[in-house]
Amino acid sequence: GENVEQHPSTLSVQEGDSAVIKCTYSDSASNYFPWYKQELGKRPQLIIDIRSNVGEKKDQRIAVTLNKTAKHFSLHITETQPEDSAVYFCAAIRITGGGNKLTFGTGTQLKVEL
Amino acid sequence: SAVISQKPSRDICQRGTSLTIQCQVDSQVTMMFWYRQQPGQSLTLIATANQGSEATYESGFVIDKFPISRPNLTFSTLTVSNMSPEDSSIYLCSVDSGNTGELFFGEGSRLTVL
Numbered sequence: 001g002e003n004v005e006q007h008p009s010t011l012s013v014q015e016g017d018s019a020v021i022k023c024t025y026s027d028s029a030s031n032y033f034p035w036y037k038q039e040l041g042k043r044p045q046l047i048i049d050i051r052s053n054v055g056e057k058k059d060q061r062i063a064v065t066l067n068k069t070a071k072h073f074s075l076h077i078t079e080t081q082p083e084d085s086a087v088y089f090c091a092a093i094r095i096t097g098g099g100n101k102l103t104f105g106t107g108t109q110l111k112v113e114l
Numbered sequence: 001s002a003v004i005s006q007k008p009s010r011d012i013c014q015r016g017t018s019l020t021i022q023c024q025v026d027s028q029v030t031m032m033f034w035y036r037q038q039p040g041q042s043l044t045l046i047a048t049a050n051q052g053s054e055a056t057y058e059s060g061f062v063i064d065k066f067p068i069s070r071p072n073l074t075f076s077t078l079t080v081s082n083m084s085p086e087d088s089s090i091y092l093c094s095v096d097s098g099n100t101g102e103l104f105f106g107e108g109s110r111l112t113v114l
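Quick note, the sequences are listed as chains A and B, same order. With my numbering, the residue at position 69 of the first sequence is 69, and numbering never jumps. With my numbering, the residue at position 34 of the second sequence is 34, and numbering never jumps.
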């Protein structure tokens, strides 16, 4: 099955700086790579995703890059704000229709300091 | 997107007892997923609940410990049986969007076993 590794486990940045979280996956057939944000005491929510047919995707201050050859993908947050503080999870899956089971990374606790 | 309601949102349970968590979705879905999130950890899939058939359990999880019901296309329950303090976790119900891969999560049920 798929195995997803995520680094770093904790990340502290100053407000306004950039933050980068990196993930690697093992299954070369994986074709969908979402990122979830989980604020304290709340449910995980999708913030951005990328599919294997593109190398980069951007949505305002967040972007994700994918290197299929190296089997790694990264989340980039620019101009960080205190409300970006949360746990971020990457995930990977090979979509084959309905009932797709995501494999999650171990999570990164991001703290944005004033 | 799907709206998922879970209850209870939290509970404190005694060792040796069982607790059933309910999950209601606002639309019909073929499969529902149950995840466990231990304190400070990532999300681990317990089982996939299919309507009209037995649930499919992941490695390390068994039906006797986590019996699942799926009586219709909008509802599922997960029971945590014969609880011990190691079962203290957040249990999350989720559904996917079909062929896009995105997962939607319920609010989670935070169980504390004394």
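Simulated from the structure, these hints should not be mistaken for laboratory data. Possibly wrong hints are sitting among the right ones.
[To be verified] Listed next, the stretches of chain A that the computed footprint assigns to chain B, with coverage defined by at least 3 CB atoms under 8 Å from CB atoms of chain B:
#, stretch
1, 16 to 30
2, 88 to 96
3, 104 to 112
[Stated by the list, open to error] Computed list of chain B residues with no C-beta within reach of chain A, every gap over 12 Å:
#, residue
4, 44
5, 90
6, 101
7, 108
8, 111
All figures in this text were calculated on a predicted structure; none of them were measured in a lab. A virtual CB, placed ideally from N, CA and C, is assigned to each residue, including glycine.
Evaluated hints:
Counting residues of the stretch 16 to 30 of chain A whose beta-carbon sits less than 8 Å from any beta-carbon of chain B gives 0, not enough to reach three: the coverage restraint is violated. Under the rule that three or more residues need a Cβ within less than 8 Å of chain B, the assignment of the stretch 88 to 96 of chain A holds, with 3 such residues. Using a Cβ-Cβ cut-off of 8 Å, 4 residues of the stretch 104 to 112 of chain A lie near chain B, which meets the minimum of three, so the contact claim holds. Against the 12 Å criterion, residue 44 of chain B falls within the reach of chain A, whose nearest CB is about 8 Å from its own CB.
Look at residue 90 of chain B: its CB is around 9 Å from the nearest CB on chain A, not clear of 12 Å, so calling it non-interface is violated. With a least beta-carbon separation of about 4 Å from chain A, residue 101 of chain B fails to lie farther than 12 Å from that chain, contradicting its non-interface assignment. A beta-carbon of chain A is positioned within 12 Å of the beta-carbon of residue 108 of chain B; the least distance is around 6 Å. Every beta carbon of chain A lies more than 12 Å from that of residue 111 of chain B, the smallest distance being close to 14 Å; the non-interface claim holds.
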